[in-house]
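Engineer: Protein chains in written order, with the numbering used here: chain A, 1 to 312; chain B, 1 to 554; chain C, 1 to 305.
Check the hints yourself; a few may be wrong.
[Stated by the list, open to error] Result set (DSBU-like, lysine-lysine): computed pairs, CA atoms no more than 35 Å apart in a straight line: (1) 382/B x 76/C; (2) 137/B x 113/B; (3) 356/B x 232/C; (4) 113/C x 354/B.
Think of the hints as simulated: they come from the structure by calculation, not from any bench.
From a predicted model like this one, the values you see are computed outputs, not experimental measurements.
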Amino acid sequence: MSLNDKDAPVLKSKINKTELKRQSILLIIAGLYVIYGIVFYYLPLLGWIMAFEDFNLRDGVIHSPKVGLRWFKFLFADGTFPRVIRNTLAMGAINLVATTVTAIGFAILLSEVKNIYGKKLVQTISYLPHFLSWIVVTSIVRDAFGTNGIINEVLVNLHIIDQPISYFMHTQYFWPIVAISNVWKETGWNAIIYLATITAIDPSLYEAAAMDGAGRWQKIKHITLPGIRSTIIILLILNIGNVINAGFEVQYLLGRGVLQPVSQTIDIYVLNYGMKNFSLGTAAGIFKTFVSMFLIFLFNFIAKKTGEERLF
Amino acid sequence: MKSKKIFALTMACMMGIGAFAGCAKKKDSITDYTFFACMPGKEINDGNEIQAEIAKLTGVRVKETWITGQEPAEAVGSMVVTGELPDFIDGGDGSDQLYEAGVLVAWDDYLAKDEYKNLKEMYSDKEWDMFRKPDGKIYWANVFQNTYGESKATGHNDEAFWIQVRVLEWAGYPKLETMDDYFGLLERYYAENKTNADGTAIIPYTALCEGWRYFCIENAPQFLDGYPNDGSVIVQLEGVDKPTIVDYNTTPTAKRYFSKLNEIYNKNLMDPDFAAMTYDDYMAKLASGAVLGMCDQWWDFAFTVNDKFKAAGYDELGYNYVPFGLTIEAGMKNHWHTYGDTLNSASGIAVTTKCKNPDKAFTFLARCLDQDIHDLRFWGIKGTDYLVDDQGLYYRTEEMRNNWADADFQAKHCCAYSYFPQYGGTSRDGKNAMNPGEQTSEFFATLADPLVKCFEAYGYTTYGDFLQSEHDEMGFWFPMYSYSNNMSTKTDGGAAWAKMGDCKHEWLPKVVMASDFEATWAEYMDAYNACKPEDFLAEMQVELDRRVEMGKDA
Amino acid sequence: MLEKVRNKLSHNKMNGWDWAFVICNTIFMILFCVVTLYPVLNTLAYSLSDGRDAILMGIHLVPRVWSVDAYKQVFKIAGMPRGAYITVMRTIIGSTLALAANALLAFIISRKKFLFRSGLSLFWVITMYASGGLIPGLILMTKLHLTGTFWVYIIPGLVSAFNILVLRTYMDSLPDSYEESAQLDGAGYMTIFLRIISPLCKPVYATVFLFVAVGHWNSWFDAMIYNRMNIKYTTLQYELQKLLNSVMQQTGSADSAGKTGTKSPVTPITVRSAATIATMLPIICLYPFLQRYFVTGLTIGGVKE
């Protein structure tokens with residue numbers, strides 16, 4: 001049960017002259033926003049030409065020698081870039097699922113805390129790691145997962161493993177470690193938006209449910225979750241578009257050498273191969289944009305079909 | 001209403017900004033220039049004392065800014081596009097982009113004039129030619145590794161296999177010649193000494209594999225074969241009709257070297273975490289005194305590690321490192337230590353077209369090399385920073401030395417203009433070193449007892465002596481890395497170079513940790529050859545031929 | 001507020017399962033706090049440590065050798081007062097203007113009768129994922145004469161698709177009845193935006209304000225690329241980045257290779273930690289003011305005018 005009804009198309013057909021006149025102020029303002037958007041976001045896309053030329057600073061964006069699809073061919077000439085795409089998408093997806101689930105779970109559990117001071121305190125603490133730079137977080141993660149780190153110590157003492165594992169020497173641990181690092185850093189921060197949405201749920205709904213004898217779990221299931229459902233869907237779709245931006249710093253700082261086959265993301269690839277070659281970086285950027293747009297349209301379409309809140 | 005308050009606040013802030021922008025004050029007769037380096041560096045305080053002194057003498061004060069969180073090419077690109085250029089610039093790896101963009105002032109006219117003879121004097125005509133760009137002009141000059149008069153070098157600023165002096169003392173100061181000698185000694189020492197006095201476990205050998213610093217594991221084969229540090233390739237002279245590029249990654253020596261590392265890894269002599277180490281981890285490990293030996297460049301570890309040793313009193317325990325010039329077989333010549341200067345023509349100090357008065361800028365560059373200014377930059381102010389004895393030799397008291405090693409003091413007092421023209425070697429007075437670090441008395445005053453004992457046992461007076469390297473003059477092409485450092489994926493050779501780097505980062509640790517070395521080596525070779533190293537080598541050969549040709553002309 | 005809690009408790013007899021839940025939840029929250037607080041306290045401990053000791057021994061929660069040198073270093077930066085001033089200004093002006101701009105656009109897009117509702121959403125969604133890259137962006141800013149000014153921090157990032165969609169989703173979830181009754185009273189769209197919708201959106205406004213403010217507070221890259229040589233508009237974070245880079249140089253680099261070695265009680269780790277703590281504090285101070293909008297329940301009825 002969602003609070004809003006999805007009957008926009010029905011309403012749209014009802015737009016008449018009076019409504020249009022009433023709307024004129026909105027149309028004018030919207031027009032100004034579009035001009036702003038074109039100037040600051042769409043105009044720079046002309047720079048995509050760079051992907052089809054051998055860009056150099058003397059000739060500039062417009063006049064550099066044209067090379068056609070050379071850089072796109074370069075990207076797909078061998079197995080490196082496809083492997084990089086796989087890593088990026090895999091880590092992006094794992095991180096997205098992990099951080100979304102933990103943020104929602106944390107927000108709901110926190111909203112169940114009735115002691116207002118405890119609640120405020122926990123929330124204040126929860127978002128602090130967001131302000132730590134990755135360099136700080138990864139150094140702690142490296143310590144924790146190190147051969148003599150706390151994780152190994154605990155696991156050995158609990159007899160789950162016989163001897164310490166060198167987590168950073170084996171590829172299979174890398175993606176989970178990246179996901180854990182992300183969860184650790186961002187759960188509290190990501191939860192803020194859900195907490196804000198939960199507060200907008202009419203308290204009388206809970207009271208009515210309580211009268212009907214609903215338990216805690218039923219209230220969460222039938223009031224809280226539907227109340228934040230549209231926010232979850234919108235953020236999910238937006239972040240699915242960002243799966244291709246799975247990150248740079250954390251992989252760069254944690255995944256050197258032997259871990260490279262699973263740690264290299266598109267951004268790291270661009271750093272390695274696009275140095276002094278802006279054209280290659282631009283080509284990779286265009287590729288990323290198209291993957292993002294494809295994912296967005298796909299999931300927006302699914303949302304539309306299933307009658308969920310959607311982006312556009 | 002609240003919104004009104006916010007609006008008022010906003011307006012007030014905007015006015016504040018306006019007022020702030022208006023108050024840029026006028027300065028005296030001193031010209032302020034800006035300098036940007038595509039290298040990270042230390043910023044000095046406004047009102048730095050030696051900077052003020054130099055400004056008084058030269059009429060120029062330079063505000064230095066260093067690259068922050070960007071790649072050189074990116075920084076250069078953004079400055080060129082926005083037109084926000086400094087007056088002086090060192091483009092580092094982005095130097096070619098600066099030339100490409102046409103924003104640099106050519107040096108040729110200035111080099112021809114007598115007023116700027118200091119600049120001209122920096123290099124021979126032949127050397128200056130190395131700096132010429134495709135349009136035939138010179139746009140920058142590298143300021144490093146340029147010796148005036150007799151060399152006073154006491155250090156070994158290059159790569160070597162390093163070993164703690166306590167191991168040598170334990171073994172009675174043996175001469176280490178080959179790779180096998182070195183690892184054999186480590187093994188024997190470790191068999192009897194598993195922990196340090198404070199209980200930390202000894203790590204006989206470690207190798208850093210992180211990022212660009214992976215040369216610590218990667219490039220030893222070129223040296224083991226007796227070749228100098230061309231960085232990315234070997235230049236072979238004997239048994240070929242012209243200087244020829246050889247790939248050191250696939251030589252029999254390379255295979256023997258990595259199989260040796262594999263052997264010591266399987267004997268538990270190698271640090272088990274070597275492949276997962278960051279540079280910080282590595283530094284911490286070395287600074288703890290636990291590591292007996294490693295292959296590294298002096299500048300990559302020594303400054304931090306020696307300071308830490310001193311602070312913790314470890315230098316008195318013989319934890320300091322000395323280098324050895326190892327070869328794969330006994331009796332081979334080696335070139336680990338480079339005598340003479342290495343001319344890296346790939347980058348250097350340049351003046352941009354943004355500079356309003358280039359004449360004055362070049363005058364300042366020339367003034368930098370005058371002895372009075374040079375002494376101010378590197379020795380400091382006479383009386384405060386150094387004293388002069390009866391023989392006219394400069395020296396420092398312990399307090400002065402400590403001052404100059406203190407970061408706060410450096411920021412408010414010292415101003416080396418470290419990327420501006422400078423010399424090593426002997427001062428124009430014929431007695432002192434251009435740079436205090438090379439003053440013999442200063443050098444020995446800073447060594448701990450076990451090091452001094454070690455130097456005496458071998459009868460050496462400088463770190464360089466340990467290497468027993470050849471003294472022959474380098475070919476005109478040397479070093480080839482000044483070319484490969486500037487490669488990009490825009491060329492096939494550059495693309496291959498980038499892929500080879502990726503491949504080696506991934507495979508070298510695997511090869512070292514392999515349980516079946518031969519099979520893993522074969523897999524590595526397959527992956528390596530898939531990167532098309534031949535494209536890279538071909539491009540390097542073309543550049544080598546060009547340089548050889550140029551050397552002939554001059 | 002307490003009354004409400006009491007009300008709820010009286011409505012709702014706690015049974016065994018509830019108690020179990022409350023206890024588990026409390027334990028979970030405490031564990032969660034311990035785990036999240038650890039890196040922060042670790043950073044704090046490093047920031048208050050003697051640098052040499054920290055790098056040699058590693059620090060957990062309490063420094064062995066105390067020292068405030070790292071903080072001294074941070075607050076002594078030459079560009080600090082000016083950088084702090086610019087940063088505060090851009091945070092206040094930038095966040096306020098951005099919130100206003102995003103809220104108004106979100107309001108327009110969220111009107112169910114608006115003609116280009118879906119088209120306009122798509123227009124902005126695309127901007128999230130398509131970028132021309134560094135160089136074309138710089139060319140644009142140069143052509144618009146925004147480089148070398150203060151406004152280059154404010155104007156380019158004014159409207160953000162992410163914030164618009166967060167705001168829009170929230171506005172969508174508000175009951176239509178408010179708008180409809182106001183419309184019947186003859187209120188125009190702008191009145192509805194300012195008088196009806198905005199007061200109801202306080203929690204999400206606070207959220208977006210926080211997001212934008214944190215972004216402004218932490219950003220240094222734009223300061224560097226647009227005002228690298230123009231110290232008039234340097235920002236706090238850019239100055240700190242430069243400081244970190246400087247301190248980093250105490251551990252040698254290739255060419256210049258520290259001709260002078262350095263002994264220093266500060267190291268990259270301690271300075272980085274001090275800088276982190278110093279920049280976290282103002283945001284921690286701002287937070288309680290915004291927090292009240294999304295921790296305590298919003299009673300929609302109470303806002304109705």
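Engineer: Each hint should be assessed against the structure and marked as holding or not.
Structural biologist: Outcome of the hint check:
| no. | hint | in the structure |
| --- | --- | --- |
| 1 | 382/B x 76/C | holds (28 Å) |
| 2 | 137/B x 113/B | holds (15 Å) |
| 3 | 356/B x 232/C | holds (20 Å) |
| 4 | 113/C x 354/B | violated (55 Å) |
When each numbered hint is compared with the structure, a violation occurs for hint 4 only.
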